[in-house]
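Each chain, letter by letter, is given below.
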Amino acid sequence: DVLMTQTPVSLPVSLGGQVSISCRSSQSLVHSDGNTYLHWYLQKPGQSPQLLIYRVSNRFSGVPDRFSGSGSGTDFTLKISRVEPEDLGVYYCLQSTHFPYTFGAGTKLELK
Amino acid sequence: EVQLVESGGGLVQPGRSLKLSCVASGFTFNNYWMTWIRQAPGKGLEWVASITNTGGSTYYPDSVKGRFTISRDNAKSTLYLQMNSLRSEDTATYYCTRDRKIYYYSRGYFDYWGQGVMVTVSS
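So the protein lines, in turn, are chains C and F.
Its first residue numbered 1, the first sequence is counted upward by one per residue in my numbering.
Its first residue numbered 1001, the second sequence is counted upward by one per residue in my numbering.
Think of the hints as simulated: they come from the structure by calculation, not from any bench.
Hints may contain errors.
The calculated EDC-like cross-link candidates involving lysine to aspartate or glutamate, where the alpha carbons are at most 16 Å apart (straight line), are [to be verified]:
{"hint": "1", "chain 1": "F", "residue 1": "Lys1101", "chain 2": "C", "residue 2": "Asp87"}
{"hint": "2", "chain 1": "C", "residue 1": "Lys108", "chain 2": "C", "residue 2": "Glu84"}
{"hint": "3", "chain 1": "F", "residue 1": "Lys1065", "chain 2": "C", "residue 2": "Glu86"}
{"hint": "4", "chain 1": "C", "residue 1": "Lys44", "chain 2": "C", "residue 2": "Glu110"}
{"hint": "5", "chain 1": "F", "residue 1": "Lys1065", "chain 2": "F", "residue 2": "Glu1089"}
{"hint": "6", "chain 1": "C", "residue 1": "Lys112", "chain 2": "C", "residue 2": "Asp87"}
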C-alpha cells in the first residue's frame, strides 16, 4: 500500500497568517494515464470531511483562493494564506492513483 | 443541492452483520461511481469500498474484502454496504461519498460526503 506521510502533525497558526502542509507518498502518484490523483480535504470539528483541492492543484467549487495546492511525483504541498477561523480543523491528503486508496494521518491546524 | 443521507448504524456484537444505506439526491445517481469511507473514533480516514455507476464492478481493500459487500439500487438512488463477520476494529463512522471521475475508469476523488453513520462493534 502507498504510505502517505503528512507533516507537521500539529500546526499552530495566528489568524491572518500563512501555513504550509506537506504530504509525501512512498511511491510516485503519477498514474499511467498521465494524471496525478492527489487530493486535499478539511475536516472541521464535528463535521464530515470536505473537498478542498483535487488532482494536486484544482480548487473545488466554492473553495476560496486562499487555498492552493502544488507538487508532483511524491512530494505535495497545501498552502493556506490569510488564515481565517473557519479554516481550523484537520487536513488530510488522499491518493487515489493506486489501489487501495490511502489517506495521510492528518494535520491539525489550530490557533496559537 | 447534492445530499447523501446514511442510515442503518448501531451497536452490533462481534461476528454479526449490519447493512448500511445511503440515499442520494440532487444529482443523477446512476451517472456516478460511489464509495464508502470510514473513520474510527479519534482516528484518520480509511477507504472501504467503491462501486461503478452500473454496479457491475466493485473494489475493496484487503481489510474488508470477503466480509463487506457494496451494492446499489439506481431506481431508488440508494447505496448499500453489507457488513458481515464484524470485528471490533470495524467500529467507526461510515461516510457515503460521491466518486468523481475525469473519465469512466479514471481514478476518482470524493467530492460530496454524507454526515456519516456510527457503527459500534462490541459485546
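Against the structure, the hints:
1. Of the pairs offered as hints, the one joining Lys1101 of chain F and Asp87 of chain C is violated, with about 27 Å between alpha carbons and a cut-off of 16 Å exceeded.
2. The hinted pair formed by Lys108 of chain C and Glu84 of chain C meets the criterion: a straight-line CA distance of about 14 Å does not exceed 16 Å.
3. With a C-alpha separation of about 38 Å, the suggested pair Lys1065 of chain F and Glu86 of chain C falls outside the 16 Å cut-off, and the hint is violated.
4. Simply put, Lys44 of chain C and Glu110 of chain C have alpha-carbon atoms about 11 Å apart, close enough for the 16 Å limit, and the pair holds.
5. About 14 Å separates the Cα atoms of Lys1065 of chain F and Glu1089 of chain F, which keeps this hinted pair within 16 Å; it holds.
6. Note on Lys112 of chain C and Asp87 of chain C: the hinted pairing holds, with a Cα-Cα distance of about 14 Å set against a maximum of 16 Å.
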